[in-house]
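Chains A, B and C supply the protein sequences, listed in that same order. Under the working numbering, the residues of the first sequence are numbered 1 to 59, in order. Under the working numbering, the residues of the second sequence are numbered 1001 to 1261, in order. Under the working numbering, the residues of the third sequence are numbered 2001 to 2550, in order.
Just so you know, these hints were derived from the structure itself, not from any lab. C-beta atoms are modelled at their ideal positions from N, C-alpha and C, and glycine is treated no differently. Be a bit skeptical, because a hint or two may be false.
Said to hold, decoys possible - Covered stretches of chain B, as calculated for chain C (at least 3 residues, CB under 8 Å):
1) 1149-1158
2) 1169-1182
3) 1191-1205
4) 1224-1230
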Amino acid sequence: MTILSILIPVTLCMGCVGLAAFFWSLRNGQYEDLSGDAERILFDDDRPLPTPATKETSP
Amino acid sequence: MMKFIHVLLKPFAKFFEFHAKTHYRAERHSMALTAGIIVAAGVGGFVEIAPLFTIDDTVETDPDMRLYTPLEQAGRDIYIREGCYACHSQMIRTLRDEVERYGPYSLAVESQYDHPMLWGSKRTGPDLARIGNKYSDDWQVRHLVDPRALVPESVMPHYAFLLEEELETDSLPGRLAALRAVGVPYSDEMIANASLDANGQARPDTDRADGVLERYGADTAVRVFDGRLDRVTEMDALVAYLQILGNLTDLPQRLQPVAEE
Amino acid sequence: MMSKLTGFERTKAMLITGTGALVGLVMAAAGHDNAMGAHGWIVLAFCAVLFFFVANAAYGPEPTEDRATSYYDDPTKVGIILSLFWAVVAMGMGVWVAAQLAWPDFRFDAAWSSFGRIRPVHTSGVIFGFGGNALIATSYHIMQRTCRARMPDQITPWFVLLGFNLFCIVAASGYLMGVTQSKEYAEPEWYADLWLVVVWVAYFVLYMRTLARRNEPHIYVANWYYMAFILVVAVLHIVNNMAVPASFTGAKSYSAFSGVQDAMTQWWYGHNAVAFFLTSGFLGMLYYFLPKRAERPIYSYRLSILSFWGITFFYIWAGSHHLHYTALPHWVQTLGMTFSVMLLLPSWASAGNALMTLNGAWHKVRDDATLRFMMVAAVFYGLSTFEGSFMAIRPVNSLSHYTDWTIGHVHAGAMGWVALITFGSIYALVPVLWRRETMYSWKAVEWHFWLALSGTVIYIFAMWNSGIIQGLMWRTYTESGTLRYSFVDTLIEMHPYYIARTFGGLLFFVGACIGFWNVVMTIRHVPRAVPDLDYPTSSEAMEPAVPVAE
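Work out the full structure: start from the sequences and follow the hints.
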């Protein structure tokens, strides 16, 4: 059963990563416009949006 | 009826008010809510995890627990290679009908040297945890060569080719060394003599057999497992392995544990 | 396809495939007297073929397309084809393997064709070959479109897709040669496992880089599911496969874990493989393709988020329900059981969400087999998650464990949920990707649907019957208090059900073949259309049901 001394820290780590991800998503405003998010996938013109000048483009 | 409930709950009204207000505030502040959830879940977690540190009591130890001999380990590797675990389990559960059908339920210690474990997840064929010495070597060989000759309704594949394949033993020292690296206490002597011992265990007529008894115990089965004296085959290895299953330790018989239900 | 790569990218590709070929050569030499050597030749051949494919076009003209204005879809297209190819191969193996239980001599008189060796070819083939390729391909499509950004580079997606397929080939060929760890759904040996880590890290980095360059600030929920799939599978794979090779010139290795510890690790892996590979990833598929095809937004976006966090949190704990009444400590079994039951809530949140999304679109479900695939998949998802939570309860498990009921449950999920949502998504995606107005034959899609559904139902009913009968027979006592049935008695009872399930699988397999044929015919024979919008319609009409965004 000494395997639990690996498995439990690993699981807690994963849990913490999950928790951190959740808080990031909350802070980043991922849940601000839920109906918009749902509708948005229904419209696209199969073209990427133009990238702002400040961002890097592909090599 | 509703009036009765109202009367009953009235004294607690203040508490419900406080609870509702606090929860409303907590819902607006996700950190507080999260903290609350963690505390709530944490209690249960802590209660279940603390006993973990006395876990040594839950898994039995047995200093007399036998290692697999090189021949038996080779047999185990053949068992894995052929996918026998897909139809046969090696774990007798703590259920009354299983204990009656297969023998004392499997203890954790019995598979402590099984890298990896072969507890199995399906019984297309019967459980093999205590198949050791239940049938003669000859029966095992005949059954592996043609299962339906002995059990007409069996759906098991035939493994006649095992009788023709000479056992490859050159890699055995390396395999035992790898097993030692993951915690199986093979000695230097055992590793150095692995190929010799594998051949010796299936050839009681030679003096190589003595080394096996010396290193693994006087009870070690040294027999012509596949019924053929001319060479040591994969059949020897597999049958040697099958015949040791359930016999690595006599702790289950000593403990006589009672099945759960 | 090659023309879309720059000269520099082609050079990189040749370097990678060239290195791979060299590694194969080294493996072939080092393992010359064992299976690893054979694998070396396979790796060498695979990489050499790719190398020459790239080298042939090495001096072609540079691509002219403006990468800022289009998505990179070539790997997605190849991934779809590979997924369907594996479906045909692996489901065919499944039918063969099932037939062997009914007719054990339905094989060749050679070691490689025994049940024990070909079974994992089926399981790995469908999970990793069919499912894995579908996940990779659809993730490429979905992440680009929901991020409104093209993938960051053009070599990594190919490396991941083709590297992953090399893993699948090494795995399948290995099983036939007897190269296996015996750990379920983690059978491949150490060098294949190491290779998968490399491929998977590349996949994870690719995903993160695409998200980082997104032009749509919001990350659509499907991406969360895919991210959980990628991340958790990586951890599971690495921990469960820790092993020491017996020699670096051979395939054999020994697990770092043994006995109870290994049982726990294996089923922590095994159950979470189902959770994150076969559920999380495919929920990502469901959350994108079902609303798109139904032309309706997800019923409750809130619910999808809840479901995501619930599944991600609860599933990890559930693994020990595979080990009820075994030598695993009782409290661990109880912990797993408890979380397994709680898991039902977030699972049904997704299933319910999917079905409620179809409100107002049920006429489309009636008319459009592609959408119907997805709807039935959601229903089976609900069914199997209920069944799973139910079977995780200890007393229920005492009956079901080791019987065909477990197999029935697996296939309700694998055929009813995973395969059906994959086929639905593929049928929705193919016309869009290849710019065709419709699939080659909508009738063939209908045929596939009904074959798949009836095959699944027959299979499950057969296994429910055989499993419960066998479980009950094992525990039946006579009046005098002795066991009534020998093991062989129970095996004899299984025979008609083994035949029935082979037939069910056969129907399913035929459906998959029809699907493969239909997709190939669509690519080759349906005239190219350039619709105004990337707008998959659910019927023959081109009229979108929702107004166009300006």
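These are the hints, each one checked on the structure:
Here's how the segment 1149-1158 of chain B fares: 6 of its residues keep a CB closer than 8 Å to some CB of chain C, so the rule of at least three is met and the hint holds. Figure legend: the segment 1169-1182 of chain B, annotated as covered by chain C; annotation consistent (8 residues with Cβ-Cβ distances under 8 Å, at least 3 required). Only residues whose beta carbon comes within less than 8 Å of a beta carbon in chain C count, and the segment 1191-1205 of chain B has 0; fewer than three means the coverage is violated. Taking a C-beta to C-beta cut-off of 8 Å, the segment 1224-1230 of chain B contributes 0 residues in contact with chain C, too few for the three needed, and the coverage statement is violated.
Hint violations for this structure: numbers 3 and 4, all remaining hints satisfied.
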